[in-house]
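A.B. asks: Below, each chain spelled out in residue letters.
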Amino acid sequence: MAITLTEAAAGRVKEYLDNRGKGVGLRLGVKTTGCSGMAYVIEFADAVEADDVVFEDRGIKVIINPKSLVYLDGTELDYAREGLNAGFKFINPNVKDMCGCGESFNV
Amino acid sequence: MALLQISEPGESTAPHQHRLAAGIDLGTTNSLVASVRSGLAETLADELGEHLLPSVVRYRAEGEPQVGREALSAATRDPLNTIASVKRLMGRGVEDVKGLGAHLPYEFVPGTSAMPLLHTAAGAVSPVEVSAEILKNLKRRAENALGGELRGVVITVPAYFDDAQRQATKDAGRLAGLHVLRLLNEPTAAAVAYGLDQGSEGVTAIYDLGGGTFDISILRLNKGVFEVMSTAGDTALGGDDFDRSVALWIMQQAGIPDDAGHAQMRRLMQVARSAKEALTDASSVEVKVERNDGSHWSGDLTRATFDELCGPLVQKTQGPCRRALRDAGIRAGDVKAVVLVGGSTRVPLVRRRVAEFFDREPLADIDPDKVVAIGAAIQADILAGNKPEDEMLLLDVIPLSLGLETMGGLAEKIIPRNTTIPTARAQEFTTFKDGQTAMSLHVVQGDRELVSDCRSLAKFELHDIPPMTAGAARIRVTFQVDADGLLSVTAEEQVRGVKSSIEVKPSYGLSDSEIEHMLKDSIAHAQEDMEARRLREQQVEADRVLEALQAALADDGDKILTGQERVVIDTAARQLGAARDGSDPQAIKRAIEAVEAASSDYVARRMNTSIREAMAGHRVDEFKST
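Chains as they are written, first to last, in our numbering: chain A, 260 to 366; chain B, 3 to 628.
Everything labelled a hint here was simulated from the structure, so no lab data went into it. Since we're looking at a predicted model, the values are computed, not measured. Incorrect hints may appear among the rest.
[Unchecked claim] Straight-line distance between alpha carbons at most 27 Å, and here's what the computed DSSO-like set of lysine-lysine pairs gives:
1. A:Lys290 with B:Lys389
2. B:Lys591 with A:Lys326
3. B:Lys138 with A:Lys281
4. B:Lys338 with B:Lys435
5. B:Lys389 with A:Lys273
6. B:Lys591 with A:Lys281
7. A:Lys355 with A:Lys273
8. B:Lys389 with A:Lys320
9. B:Lys561 with A:Lys348
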């Protein structure tokens, strides 16, 4: 399995990284918080840690901690527009249910 | 599924806890809102993809006010209820507005309030309320685009806005339900958008040519702080004037008579505007208009002709540029970066002229309509806490000195201009008369020496000062300026601890030219101000000496002095009185010295008498120190 990006997501990540002017890639993860168990983390990465797993898709390095990977393996990151709002979306096959807002989830 | 943004490393927020922040450019003609998403600052569009919101509000008898394009299109149909350019009224008093009144189509409601009220179909509204409607619209847009409630906003204001105008802007934000993190000077925001605050220290010029106004600001970056060195401008020069020049050319070419009706003139202005915009990229554009009789005219407008038409207008911006440089005490060559702001700086001729004037290519990569909002958004993002701690937080400075009126109508500066904010400064004052139990404090803003040349901000009183001899009481006055440049003043008597304070409520009432010329005046009048101060100081000293002398003479003059001695002192006092009313500080000083010399014997004898009286009936050993 792996972590992948849609074309839209990869384009956006590249644009944001270029604008930021530094960073080795995108760090994805989960943390235990939120209304329904787990919450997604999506950050710029300035360094790869020793036990990080690194995927590369469409020219973007996706960096992920092995503990988070078990919750995210197989995820495709998408960039979507809903009305005026636009942002990243995790299409995660591991999710059993999520809170109404979709910001946190259970596996 | 919620839509997520990329955070800085370690700055991820818990679900529903996103620190959403926005920057708002509340403009005279158009307003914008911008936000930082995934590290990128962008202006936010409305449902139709429009970024610019016309700063126009139309009030109706029923229902919510209309804001923006909708209101703008109704402006000619319903001029009395459609408020445009309300920014020009912010923080102004009724009297100021009467001055502007000739050009304003609105009806003002006479009221007891210091703020002018506009009469509309929905009742009387204040400029603050009108601005709040624009802000509410932008708030809604931002919250839709960001998918949550705004934690805070940064609103930009012109560098020359005074306290009253800043307070009014902040009030409008609060009224719109926004948490105003701070107000930021527009030129500073533009510099921030280009990251100049992160760069090397130096002088930046911000050339802002909008639809109807021109502003030039000279900023100096010093230890991460932007100081406004000078500002200048023309409040009636902008892109609209370009359109008018082109429209007149079209009328001439097409043989349309000068007495074109309002509707036709508006159509012509629209055609002119489109032609102007096309000429930003094209070297020639075809212009088509319909005459009133239904016949058509078409012709080519070349960029060369356009440059000829608008050349004199562009030339007009150079006067303020020179003035700003002179006020800042620098030459064009000292400017390290020039930033272009305002839609009219897209005109190639403008860019060329600016480049020639400053002898360097201006920065123009960021859309000049959006650059101020983008800079504000970057500040808002930092203030909302989305950046790691070590990111530099931009500081601002107060544009005009703040101080108190002292005896003789002199302005004592407590916080000098260009002090970084927030700041607090204290100074001790004392009483002028024996037994004085109250003190009136007059807070002023400006850099002139005489209060009459400064701007009055507020007056308040401190009561219950314990009666003491003149000069013995100690009253500590503290000036505090918060991050938005808003002032609170506290006076505290140090013995009994009685206290009185005031938040500087905007005391509206300063005309356009006054704000812009205040700084300039302080430089131009430096010499005469100094002389005026010397004169006033001597006059105050003369009054103090005469007051003390008269009090003493009334008390024991006849007891201690012989008739002959009394005449000498009275003569000297009379001469001092005459000199005091003159205008020569040296003469007053000499007269004061003469009075002191004439009365020195008397003062010494008084002292002896009072000591004798104090000691009468006591034995000497009672006074021995133990």
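A.B. asks: Look at each hint and say if it fits the structure.
C.D. replies: Status of the hints after comparison with the structure:
1. A:Lys290 with B:Lys389: The hint holds at about 20 Å.
2. B:Lys591 with A:Lys326: With a Cα-Cα distance of about 85 Å, the restraint between Lys591 (chain B) and Lys326 (chain A) is violated, given a limit of 27 Å.
3. B:Lys138 with A:Lys281: Not satisfied, since the Cα-Cα distance of roughly 36 Å exceeds 27 Å.
4. B:Lys338 with B:Lys435: violated, 54 Å
5. B:Lys389 with A:Lys273: holds, 20 Å
6. B:Lys591 with A:Lys281: Given pair Lys591 (chain B), Lys281 (chain A) is violated - Cα atoms ~68 Å apart, limit 27 Å.
7. A:Lys355 with A:Lys273: Violated, at roughly 31 Å.
8. B:Lys389 with A:Lys320: holds, 23 Å
9. B:Lys561 with A:Lys348: Distance ~98 Å between Lys561 (chain B) and Lys348 (chain A) Cα, so the pair is violated.
Going down the numbered hints, you'll see the structure goes against 2, 3, 4, 6, 7, 9, while the others check out.
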